[in-house]
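Colleague: Sequence:
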Amino acid sequence: MNQIGGFFELWNPVLLLVLVVVGYVYRRFVVKGNGNSTEVGSVTVVQQLSFYTGLFLFYVGQGSPINYIGHHYLFSMHMLQQTILYLIVPICIWLGTPEWLLRPFMRNVVFRGLFSFFSRPLIALFLFNMLFSIYHMPLVMDNLMKNDLALLGYHTLLLFTAFMMWFPVFCPIPELNRLNDLKKMAYIFGNGVLLTPACALIIFADSVIYDMYSNVTVPFAHLSPLDDQQLGGVIMKIIQEIVYGATLAYIFFRWYRRERKEDDELEALENQESLNNQGGNWNRA
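Residues 0 to 284 in numbering that gives the first Met the number 0 are what the sequence shown spells out, letter by letter.
To be clear, the hints were calculated from the coordinates, so they are not data collected in a lab.
Bear in mind the structure is a predicted one, so any value in this text is a computation, not a measurement.
Even glycine gets a Cβ: it sits at the ideal position worked out from N, Cα and C.
There is no bait here: all hints are sound.
Across the chosen pairs, the derived CB separations fall in these ranges: (1) Val45 / Ser206: 43 to 51 angstroms; (2) Leu150 / Phe188: 27 to 35 angstroms; (3) Leu265 / Phe188: 26 to 34 angstroms; (4) Val17 / Leu268: 46 to 54 angstroms; (5) Phe188 / Phe117: 15 to 23 angstroms; (6) Glu261 / Asn146: 52 to 60 angstroms; (7) Gly22 / Met105: 18 to 26 angstroms; (8) Phe28 / Gly189: 32 to 40 angstroms; (9) Leu150 / Val109: 27 to 35 angstroms; (10) Ile241 / Met105: 28 to 36 angstroms.
Straight-line Cα separation of at most 20 angstroms, SDA-like style, residue types lysine to any residue; simulated pairs: (11) Lys145 / Ser213; (12) Lys31 / Thr52; (13) Lys31 / Thr96; (14) Lys182 / Ser118; (15) Lys236 / Thr82; (16) Lys236 / Met129; (17) Lys182 / Cys170; (18) Lys260 / Asn270; (19) Lys31 / Arg102; (20) Lys236 / Leu225; (21) Lys31 / Leu94; (22) Lys236 / Ile187; (23) Lys31 / Val20; (24) Lys236 / Phe125; (25) Lys182 / Leu247; (26) Lys31 / Leu101; (27) Lys182 / Ala248; (28) Lys182 / Trp254; (29) Lys236 / Phe203; (30) Lys236 / Val207.
Using the sequences provided together with the hints, build the complete structure.
Modeller: And the structure:
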């Protein structure tokens, strides 16, 4: 395997076209179309940027050379792809999804029941991390990489569970927001703990554990297969720590701003009551 694939294999223009259409539909019917009803709110600039960033990063992970190189040459690129698709993209999409966009789907009893079940914090937490750890077992990954259809199915399942895993943290629907901020921070910490064994197995292995990467000749890199494997584990762990750390900071400062706002409102109410009492005393005098 000494030659790089062609343009269509490296850049996947079909996926790019699909994502452009999704972006257009979002702008046409969500951003510009939300003003057609008084029951829905506007989509903020931050939400729009977040959604488009999610689409862009999905293409980077699934449609750019990262996907091809990671599949055929470098395990480290494969792990970079994993972090983009499962740790970053769902966050961006959920942050870019307005509450009113999901509500019509929630009126369907079957959809609401299934969605509520799979987005339950403990179920979402263990389901994603279990599937992610199973995927990185050498026997499983080696066999999946030989079957494109099975690989696509497993990646689709992983992406679905990744979205469910992040939903309790960035839930846009108040009545489905089951966790307070403290529990969300514990939830993120739990995710980090459950993801660590898979990274440790890869980082500290003293031999190449994936047959598909053991005999690959890489024409553009100077890493040995073992160094590449360990680098992949390090990439996953470092990006995981950055993403989870940023999420914890986001939750903490959101909680702090809300508490500060409530304190300011309470103080203003107490000051107003004090002024009213003083006014009453002056009138009686």
